[in-house]
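Two chains, two frames, some hints: make the complex.
For the record, the sequence lines run as chains A and B. The numbering used here puts the last residue of the first sequence at 284; the count rises by one with no breaks. The numbering used here puts the last residue of the second sequence at 1503; the count rises by one with no breaks.
Treat the hints with caution; some may be incorrect.
Chain B residues, not near chain A, derived (Cβ > 12 Å throughout) [unchecked claim]:
#1 L1123
#2 S1246
#3 S1335
#4 R1436
#5 N1443
#6 R1464
#7 H1469
Partner residues are not named here, just some residues of chain A that face chain B (Cβ under 7 Å, in silico) [unchecked claim]:
#8 A38
#9 Y124
#10 Q126
#11 N130
#12 V134
#13 N140
#14 S142
#15 T198
#16 Q243
#17 R252
#18 H279
#19 T280
These are computed hints drawn from the structure, not numbers from a lab. From a predicted model like this one, the values you see are computed outputs, not experimental measurements. Idealized CB from N, CA, C, for every residue including glycine.
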Amino acid sequence: MSRITVPKTFKLYIGGKFPRSESGRVYEVVTAKGAFLANAAQASRKDARDAVVAARSALSGWAGATGYNRGQVMYRIAELLEGRRAQFIDEIRSSEGVSASAAEAQVDAAIDVWVWYAGWADKYVQVAGNGNPVSGPYFNISTPEPTGVVAIIAPQQSSLLGFVSVVAPALVSGNTVVVISSQSSPLSAISLSEVLATSDVPGGVVNVLTGSAAEVAPWLASHADVNAIDLAGAGELDWVDLQIAAADTLKRVLPPEDGVSAASVERIIFFTETKTVWHTKGLI
Amino acid sequence: MTFLDYAPAPESTAVLSLRASYGLFINGEFVDGRGDGFTSISPATEKPIAQFSTANDADVDTAVIAARRAYDRTWSKLSGSDRGKYLFRIARLVQERARELAVAETLDNGKPIKETRDVDIPLVAAWFFYYAGWADKLDYAGLGPAPRSLGVAAQVIPWNFPLLMLAWKIAPALAAGNTVVIKPAETTPLTAMIFAEILQQADLPPGVVNIITGAGATGSALVNHGDVNKVAFTGSTGVGRAIAKSTAGTGKKLTLELGGKGANIVFDDAPMDQAIEGIVTGIFFNQGQVCCAGSRLLVQENIHDEVIERLKKRMSTLRVGDPLDKNTDVGAINSRAQLDRITALAGVGVEEGAERWSPECEFPTAGFWFAPTIFTGVATSHRIARDEIFGPVLSVLTFRTPAEAIAKANNTPYGLSAGVWSDKGSRILAVADKLRAGVVWANTFNKFDPASPFGGYKESGYGREGGRHGLAAYLETSGWAAPGRQADRPKTSSKAISKGSQE
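This is chain B alone, in the form it adopts within the complex (with noise of 0.2 Å):
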């Protein structure tokens, strides 16, 4: 070791108080599940963290029941800003216990501590202060006067941000005046479980969020139990469209947020250290397993070899290894199935004549890990071009005009996110107005608020997580219809109208 190498500098987890085995979380108690229990393991060392409950339909259908009865007695009784304290209330116990989360979401997850510490849980604590507010503030939320609330809310969340995640879903189901059943991924239950502890501290009525964990068969009895009014359903694609086959016809209202191609485009006039950044950030952030990651890189042809080579120089950089390492810059692959299928795509990207590259990594000896990869010469055709991956891989593409980097773009099912790198201001709105994405980011990616709106265009799905749009999944909008005095808008419905009288 010279003086310039790093030493480890890992995070402890003795901040950590974990039980041997968690339960299902109904009715404000830990209950167990009436299926076969698993076990969560830290995805960088293979060991085990602690058992978890399935929850069977039984179960399932336990939690429904104390959604719904504490929908009927308490939670749609409450006045506003009474919801807005609980909501405050949890904001500020999820900033209290913030080290331990942290902690505790890197182990299960794999993430590094930096990305838990500085943006997953912060950002938690950020969606239920912002959320606290808008809950006695409903008539402002632009879907007429006194929005009704839904009723039960059936949630089903993915393993990439798992508390993230969970706050996306619950702080704005809850503001407006929503119940929650919320299922978290079934590799990363763990901070969902000490977040029930938090309800338990926040002292929120029994019954308004409940926990169950599994894997799709209990999400699978979630979303299609008869006594849901809404289903949030963040992940996967063909799951998502599973979902809205199953829900249609049931009047469920549903959001789906699922997956992304994202493009980030880089004009030859981009400020390009914070372009190779951005790069940088939108693969590797959070190994690449984020639904919005900026996995083709449209580059102008022109500066096609100078920003390969300072992407690789940079990359070279990156640092691999034990998440809990406050130095790791790419933690752990969430699991061995999705390792595999990572490094089952990247090997069709060789196989289909693309030009792999990765920096040298010195790898833990257990635990699931992929090196940052790179892929140049790759053609729209590729199936790296057009698959969403969800892991550390980036597929470089070219382009000439502005008009071929929009096409490049589009080109695609999804359309979940999109980057512009320009210094020209007008470039870049004009090309942000062509993109068919959700979020464009501009001279920037990978950013999040709960003040600003998420969601998908095309197959990426349907609704917005985020700022007031984030309120409308959550709330009746047939008030919409009424906005203002009914004399102001034109009659299609009086009865001599829509009935006539027969001659």
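Here chain A stands alone, though its shape is the one from the complex (with noise of 0.2 Å):
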């Protein structure tokens, strides 16, 4: 007789830890074929709002890090993640119903992507900062900086990869993040938070809500305290609703994307407020 296995409860990650949704709420999490794989917790109004204070709470500590800091903390979730590879590859396998090279290549991806991006964190700033020769004299210089809060709407495909693909770019100047995970396969995202949690990563800096992006995503979209929206996983949500709720407070939007986003600088920077310093050279 074959073993009894142990199943997980999938839970929400907010501020580090791991709570049911406060609404007492649960979905059905299927195979491709429809078969029973898990209840993922089905977050709530105030899931969100309890995951935008904690975002908001982490933000001076993650944005304050030094670049290389962040970054070693960002390759560290790499490491961990090729230890779990068999893990992940199981779960996309079950809940995507795609073929086991798929869903090995779809991991790998994802651990690539965070090195990239990693690698990115002590260097953005050379790329999208500038020194600039004003007719005076001054000193002055253009710096990024993070934006702060930035929600984000994950693809509803390649559930890991897809994830992984928007929150790396947001975190490597130090915004701090609140992802809703792909509604249909939210495993890898949790999965993807009990690596975080084990990581250096500080709780807050990443928070998961599952559940569905149309009940959650407008209340991120109006709140006040998110300064950015990543729609990239909108694009079957009435997302120009969302859009127009996020101009109440000027917040930065990045509209929907088909498939997975490509690995870019640009994303870096889309999440980054420009700041320009004059000094005068005049008081002497």
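Here it is in structure tokens:
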């Protein structure tokens, strides 16, 4: 007789902890063929707000860390992902119904994307910043800084790679994030949260909500303490309404994308603000 | 009059040769607008300057069609170096006609001639000269190889720096290869129309720049026109919010430069003479009608009394009056509506318990005037510490520690500018790091340069104007996705990964 397995309870990831939804709701996650896989937490408006509070609290520490430090913390995530390849491949296969090779390719790509972005943390400032030759006796320099709290709607497909491709670039510069994972395949996002929780990423830097993006995203889009919103995976939602809601506090908005976002320094820089500092050279 | 008094030294208006009425500048020609005309007056005398046309929806459409045609047939086909040559020409023509433009700007806007002559118009020329040189060097803008222009840019600008804001908008747009329809503010259309004459002298191809006048309805029709690819707006946060909503989902690239409530932080080790001048420049430059004005003075508590005493003494020497007088420091408020707003908010300051002070000022009998004003005893909850007044009104707050100064400075939904005054370099750098503002001036204030990016954090808008960063607002940035060799980037979109093969 085969061994009776011990299935995992999938919960939210907020402020470095794994709470159930305060609403007490769950929804069924099924395989591509419709068989039961797990009950995932169905996040509510209150969960979204708690996640924003956690992200805001974590912001000064993460944004204030050196680029070298953030790069190492992010690289460590890739190290841990590498060690858990088998788990992620297994989850992706069962939840997305893809072949073993496709699942492997997705996990490998996700790890490589982490490594690629990790290496940017102490460099993007040099690429996006500028020393400016103004016509006067002034030292003048422009530097990108993190925008703040970024809400993200992760792509619906490629549950791990899609998630990583939108979360990693926002983290590079020091933003903290609240992510709504793929609704139909949330398992990878929660398993990745376990990696984050056991790496050196401070609690609250990444907060993961599972459930209905259509229900939760409007609360994030209109939340006054969210500075930017990435609609990457919102193509099937009423995303124009989300963009309109975001305009009330002039959030920075990235529109939906088809499929998985390409790895790009543009994605890092989109969630930054350029600060220009002048200093007079005249006071001698 | 004693020998120590100033004699009037008015700048002559003989340099102007104004028309009685101006039409719209569309496709290289002046044409009549189909909306009701309006008169622009001098805010210092309330006397009419000239008649201007209002562009109605049909005129907006004509202008956008002209810009589209010019983009398709002419401008997008020119080489970068040829585009640059036109911009260099414009820069030179602005320099040649600088005095005329300065006098016209002062007449129409009400700001002192010494500002238009020494700041506004020289910066206009500098802006065109700076971006002229970028036109054939876009590969080096950090946006990837051969970045593409967007198409037709719709631009709406405010009345506080009429021609300078026009330059901030048009110069980078044309350098990047776009064509333009721009609307100046309805109280300050004059220099934009003289600029149209300059474009004719420069022989700029018809339709590359179209200038349409009118009020909010004209601006709304322009930014919401279906055939514009780019919207750039400078003005109030309220209007900016409305534009962000109306352009949502349209794919129009949007940059917004909106309001501010800048903190000017003075530490007790500040170079005091310079700090006092910087406070005055921060809030009384252009009558305080500056989005990045240092309208909140945060002064360290132990030097509060000294700073206020010296500030009052300095304010007593400010000369308020005829903006065409070369001795004038503070000119007229731009319009009656703006004067009413400033008056109302200053009234709220008194009602909420702050202490109001202004030097003795004698105003001309006509025109819109407001004395330089400071409020002391201001709390962070007061409206004069939170709302953008856009006038010569300074709210003074105190702090004890750098952390408190930073917290108070950042305690606003805006994030455009800030100032720091201290002789301690390490303190300046540490504080500048923590201020959530797009421009930080250390031991100076209200400095602008075409090489220096300008723009806000938070509800002060997004996008940058000036410098290399200013080009990004007018170019496709998708080029950023393909830096260097494809093989050097991790794959995220191969078929096997993104689609998967069903088992």
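Going down the list of hints, with the structure as the test:
1. Listed as a non-interface residue, L1123 of chain B fails to keep its Cβ farther than 12 Å from every Cβ of chain A; the least gap is roughly 10 Å.
2. For S1246 of chain B, the shortest C-beta to C-beta distance to chain A comes to about 9 Å, within the 12 Å cut-off, and the non-interface label is violated.
3. No beta-carbon of chain A comes within 12 Å of the beta-carbon of S1335 of chain B; the shortest separation is about 26 Å.
4. Not every beta carbon of chain A lies more than 12 Å from that of R1436 of chain B, the smallest distance being close to 8 Å; the non-interface claim is violated.
5. Taking the minimum C-beta to C-beta distance to chain A, about 5 Å, the non-interface status of N1443 of chain B is violated against the 12 Å cut.
6. The beta carbon of R1464 of chain B sits about 5 Å from the closest Cβ of chain A, which is not more than 12 Å, so the claim that it is off the interface is violated.
7. The beta carbon of H1469 of chain B sits about 6 Å from the closest Cβ of chain A, which is not more than 12 Å, so the claim that it is off the interface is violated.
8. Checking A38 of chain A against chain B: minimum C-beta separation of about 19 Å lies over 7 Å; hint violated.
9. The beta carbon of Y124 of chain A is not positioned within 7 Å of any beta carbon in chain B (closest approach about 11 Å), and the interface hint is therefore violated.
10. Taking 7 Å as the C-beta contact cut-off toward chain B, the hint placing Q126 of chain A at the interface is violated, the least distance being around 11 Å.
11. Restraint check, N130 of chain A versus chain B: the minimum CB separation of about 6 Å is within 7 Å; hint holds.
12. Nearest Cβ of chain B to the Cβ of V134 of chain A: about 4 Å, under the 7 Å cut. The hint holds.
13. Checking N140 of chain A against chain B: minimum C-beta separation of about 5 Å stays under 7 Å; hint holds.
14. Proximity of S142 of chain A to chain B holds as hinted, the smallest CB-CB distance being about 5 Å (cut-off 7 Å).
15. Among the interface hints, the one on T198 of chain A is violated; its C-beta lies about 23 Å from the nearest C-beta in chain B, farther than the 7 Å criterion.
16. For the restraint placing Q243 of chain A at the interface with chain B, the shortest Cβ-Cβ distance is roughly 4 Å, inside the 7 Å limit, so the hint holds.
17. A least Cβ separation of about 6 Å between R252 of chain A and chain B falls short of the 7 Å threshold, and the interface hint therefore holds.
18. Because the beta carbon of H279 of chain A sits about 4 Å from the nearest beta carbon in chain B, less than 7 Å, this interface hint is met.
19. Residue-level restraint check for T280 of chain A holds (minimum Cβ-Cβ distance to chain B is 4 Å; threshold 7 Å).
Figure legend: structure checked against the earlier numbered hints; hints not met, in rising order: 1, 2, 4, 5, 6, 7, 8, 9, 10 and 15.
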